Amino acid sequence: MIRSVKVLVSLGALLITPSLQAEPFENAAEAVEYRQNAFSMIRANFGVLAGMARNEIPFNADEAKTRAQAVYHLSYIPWQGFVGMGENAYEGTEALPGIWQNKADFNNKAEALRSAAKELVEATESGSMNTIRPKFMAVARSCQQCHEQYRD
Amino acid sequence: MQVRVWDGFIRGFHWLLLATFLGLWFTGGKIEHIDRHEQLGLFMLALLLTRIIWGFVGSESARFQHFLAGPKAIVEYLKAPREFQRFTHNPLGAWSVVALLTVLLAQVGTGLFTDDAIFYRGPLAHLASSDTLRLLTVYHKQIINFIWVLVILHVVAIVVYRLLGKNLVPAMIHGNQAGEGNQRPPVIRHGGWGYLLLAVNCIWIFYFLG
Ligand code: HEM
Chain A
1 MIRSVKVLVS
11 LGALLITPSL
21 QAEPFENAAE
31 AVEYRQNAFS
41 MIRANFGVLA
51 GMARNEIPFN
61 ADEAKTRAQA
71 VYHLSYIPWQ
81 GFVGMGENAY
91 EGTEALPGIW
101 QNKADFNNKA
111 EALRSAAKEL
121 VEATESGSMN
131 TIRPKFMAVA
141 RSCQQCHEQY
151 RD
Chain B
1 MQVRVWDGFI
11 RGFHWLLLAT
21 FLGLWFTGGK
31 IEHIDRHEQL
41 GLFMLALLLT
51 RIIWGFVGSE
61 SARFQHFLAG
71 PKAIVEYLKA
81 PREFQRFTHN
91 PLGAWSVVAL
101 LTVLLAQVGT
111 GLFTDDAIFY
121 RGPLAHLASS
131 DTLRLLTVYH
141 KQIINFIWVL
151 VILHVVAIVV
161 YRLLGKNLVP
171 AMIHGNQAGE
181 GNQRPPVIRH
191 GGWGYLLLAV
201 NCIWIFYFLG
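Heads up: the protein sequence lines correspond to chains A and B, in order.
Heads up: the first sequence begins at 1 in the working numbering, then just goes up one per residue.
Heads up: the second sequence begins at 1 in the working numbering, then just goes up one per residue.
You may find that some hints are simply not true.
With a Cα cut of at most 30 angstroms, we get these calculated DSBU-like pairs of lysine-lysine [what the hints assert, rightly or not]:
| hint | chain 1 | residue 1 | chain 2 | residue 2 |
| --- | --- | --- | --- | --- |
| 1 | A | Lys65 | B | Lys30 |
| 2 | B | Lys141 | A | Lys103 |
| 3 | B | Lys166 | B | Lys72 |
| 4 | A | Lys118 | B | Lys30 |
| 5 | A | Lys103 | B | Lys30 |
| 6 | A | Lys109 | B | Lys30 |
Partial chain B-side listing against chain A, Cβ under 10 angstroms, derived [what the hints assert, rightly or not]:
| hint | residue |
| --- | --- |
| 7 | Gly29 |
| 8 | Glu32 |
| 9 | Val138 |
If you are wondering where the hints come from, they were derived from the structure by calculation, not from laboratory data.
All of these numbers come straight from a predicted model, not from anything done at the bench.
Every residue, glycine too, gets a C-beta built ideally from N, C-alpha and C.
Produce the complete structure using the sequences and hints provided.
This is how it looks when you write it as structure tokens:
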């Protein structure tokens with residue numbers, strides 16, 4: 001009896017292990033930390049553009065381009081952190097359960113950010129704040145539209 | 001006989017408050033209007049602070065001490081509203097004034113400590129921890145519901161008075177009210193002092209927080 005249980009357990013472990021290895025996180029806490037850190041990096045880079053768009057710091061075309069590229073590349077990063085652990089209410093997250101109930105819509109909103117960020121990068125090629133500013137706002141709106149629905 | 005009940009500052013304050021409130025409502029929650037929202041919010045802060053100071057040093061009819069009354073006065077007023085003859089807010093309206101000023105002040109106050117997690121932080125956000133900012137940002141989004149309740153009650157009350165035969169609005173426009181009975185008219189201070197105070201408050205608020 002004991003032996004057959006052991007066999008079953010190790011068989012089960014064999015079956016489960018490969019899928020566990022596909023997950024980069026040991027537990028929900030790590031996933032939360034990962035995505036929050038990714039968002040913090042997005043914000044830090046976006047913040048420099050915001051400073052220029054709102055005339056708080058002097059406009060610098062190269063700097064604007066670098067930051068826009070960073071936002072664009074980082075806009076691929078947070079989503080791996082939204083692994084299937086949302087239902088377990090976990091302390092320290094502001095992600096709402098709706099994310100896991102409407103995964104398709106959530107992914108659309110992430111895609112909306114990526115395409116807005118791409119247009120922002122293209123606008124920074126112009127080297128003109130008047131071209132950049134509306135694209136900057138479009139990115140900000142895409143952040144807001146997701147947060148309104150999926151961030152507590 | 002016409003009696004001056006609201007000085008020029010109170011009247012200007014009221015309609016500026018209405019306009020600023022509508023502007024804040026329109027710009028609130030729209031990230032592309034956040035800078036305008038902040039400016040209007042700072043102006044709102046100046047309006048409220050000036051009104052509160054005016055409530056201690058302004059015309060008698062505008063002074064809190066003059067119009068705030070306890071529960072007994074409210075009950076008496078409710079029993080015989082038509083006998084209320086003083087040239088200021090009635091005992092019930094008085095508390096609605098205080099309630100409105102309080103929630104509006106709470107709204108601007110929390111607005112100073114907001115963080116939208118995108119690119120905006122309120123002018124005093126650097127003084128608070130990120131947990132506090134999150135909490136106050138949530139409050140900022142909730143208090144507006146209380147404000148709407150009070151504003152709607154306020155406007156409904158004005159309409160109800162009208163239906164009961166008392167039109168309060170003209171006095172808020174031209175300042176005068178028909179003087180009945182033998183109540184002494186309130187001591188009125190020139191509204192210009194109120195506007196001077198408002199200008200001073202605008203200057204330091206926009207200087208330090210703008
Ligand atoms: C169409 C809209 C409005 C009308 C017709 C109106 C009318 C009035 C009137 C007639 C009074 C004097 C009440 C009395 O005789 O005791 C008053 C006072 C007041 N109202 Fe309004 N009001 C309006 C909108 C608002 C809004 C939106 C706010 C706030 C955001 C507001 C805040 C106040 C305050 C704080 C007072 C006290 C004034 C003072 O003593 O400084 N009102 N209002």
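List of violated hint numbers, smallest to largest = Every hint satisfied by this model.
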